[in-house]
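J.: Letter by letter, the chains look like this.
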Amino acid sequence: MSRASAVQRTEVRDAAPLFAALGDETRLQLVMRLAAGGPGSITHLSARSKVSRQAITKHLVVLSDAGLVRSSWRGRERVWDLAPERLSEANEYLNRISRMWDQAIDRLRAFVETEDDK
Amino acid sequence: MTTTTKTSADRIEKTTVLRAPQARVWRALTDHSQFATWFGLQLDEPFTVGRTVTGQKTMRGQMFTIDFAVEKIDPEEYFAYRWHPYAIDPKVDYSSEPMTLVEFRLKSVPDGTELTVTESGFDRIPQHRRDEAYRMNDGGWVSQVEKLSRYVSS
Chain U
0 MSRASAVQRT
10 EVRDAAPLFA
20 ALGDETRLQL
30 VMRLAAGGPG
40 SITHLSARSK
50 VSRQAITKHL
60 VVLSDAGLVR
70 SSWRGRERVW
80 DLAPERLSEA
90 NEYLNRISRM
100 WDQAIDRLRA
110 FVETEDDK
Chain W
0 MTTTTKTSAD
10 RIEKTTVLRA
20 PQARVWRALT
30 DHSQFATWFG
40 LQLDEPFTVG
50 RTVTGQKTMR
60 GQMFTIDFAV
70 EKIDPEEYFA
80 YRWHPYAIDP
90 KVDYSSEPMT
100 LVEFRLKSVP
110 DGTELTVTES
120 GFDRIPQHRR
130 DEAYRMNDGG
140 WVSQVEKLSR
150 YVSS
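First to last, the sequence lines map onto chains U and W.
Each residue of the first sequence is one higher than the last, beginning at 0 in numbering that gives the first Met the number 0.
Each residue of the second sequence is one higher than the last, beginning at 0 in numbering that gives the first Met the number 0.
Don't take every hint at face value.
The list that follows gives simulated cross-link-like pairs (lysine-lysine, BS3-like), each with its CA atoms no further than 30 Å apart [said to hold, decoys possible]:
#1 W:106 / W:71
#2 U:57 / W:5
#3 U:57 / W:13
#4 W:106 / W:5
#5 W:13 / W:56
#6 W:5 / W:71
I should point out that these hints are in silico values taken from the structure, not numbers from a laboratory.
Isolated chain W (complex conformation):
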């Protein structure tokens, strides 16, 4: 089953069909221990509207925290939280920076459940954060292919 993606300057939207009942997908998304399992982090507190739940994740040998500020829970249909996107540098305090809004929408379809994940608000993320993500990739394939592209179009 494929996932379709729509990306604009401000948002990423992914739509896919999961071969599982809507109630099953809903539990996987909103039961904090199930969410923790597939998302790959430790989460000790339930998702509650208006609360910020902090999870811990170990990546590349470093432990860091991810805050989920729960916005809305509409049973079996809609779950939304805010977080700091790409906040993967344990040395940086992202707490004063703008957050993006992550929304999960569920709809029952003949094959199972249609899931739409939207992350929006990227236009408010400071430019230096975007540059940082690019710098981490510098020397990788992007710059190589760009060189190639410039070469052939000059």
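Just chain U, with the same shape it has in the complex:
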């Protein structure tokens, strides 16, 4: 197997959850709305939408799990925004290394939490 195709295979595997998150009309609209209009609260994001606020929140959580959006608190209001590092090539290098560390920490966790070295 050539290296290029192996790399692409990894890319496809990494990309699958992202496209799954985007593969929904409401979620894609949310991403587009955030891209076009900047950060917004649930009230703002569910305005002009036929979908309930609760459903919008669920969709935002799915997008957040895929690393596409993130939220912060402005006073008592939760404000959602695109996570630019997931969308920007400038940080792709660090993102890749960051994901490698996530994987390494997962393996370390499995190792110390399940195996006794005595």
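Chain W: place on chain U using the hints.
T.: Below, chain W alone, put in the same frame as chain U:
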């Protein structure tokens, strides 16, 4: 248990709590054979301050080496080494390039052990190495989503 990440231009920092005693985590990090097991490489020599330990790793059918230049070992609390980040091209000799500093910090907490992993010094890594990492990803999701993002914001 979740891992929190702080990323800036120069560093990546990950903090998590492992449900294991500090001494157990310390051995997993600094005993070279235990490190090799969870990290997924072959390491025949103990970590010793001031020495560079070379490990072998097979990835995607290719064998390559990873050098760990051990900086500091403070028993059960702090372990640090330097290495070449993302040095995954077996055809490239990274030895003359700047290294990043990897630091593991351990702290005992009620649930087990808090681990903080920091990798810093990315600002010294040549731009072409960063570009290379991006090129490997070209045609993947990043460029697709960027196209989408440009489309909606134009």
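J.: Below or equal to 30 Å on CA atoms is what counts here, so check residue 106 of chain W against residue 5 of chain W.
T.: holds (18 Å)
J.: Check whether the Cα positions of residue 106 of chain W and residue 71 of chain W lie no farther apart than 30 Å.
T.: Given pair residue 106 of chain W, residue 71 of chain W holds - Cα atoms ~17 Å apart, limit 30 Å.
J.: Take the C-alpha atoms of residue 13 of chain W and residue 56 of chain W, compute the straight-line distance between them, and say whether it is at most 30 Å.
T.: holds (23 Å)
J.: Between the alpha carbons of residue 57 of chain U and residue 5 of chain W, is the straight-line distance 30 Å or under?
T.: holds (25 Å)
J.: Could you grab the alpha-carbon distance between residue 5 of chain W and residue 71 of chain W and see if it respects the 30 Å cut-off?
T.: holds (23 Å)
J.: Take a quick look at whether residue 57 of chain U and residue 13 of chain W sit within 30 Å of each other, Cα to Cα.
T.: holds (26 Å)
Comparing the model with each earlier hint shows no violations; every hint is respected.
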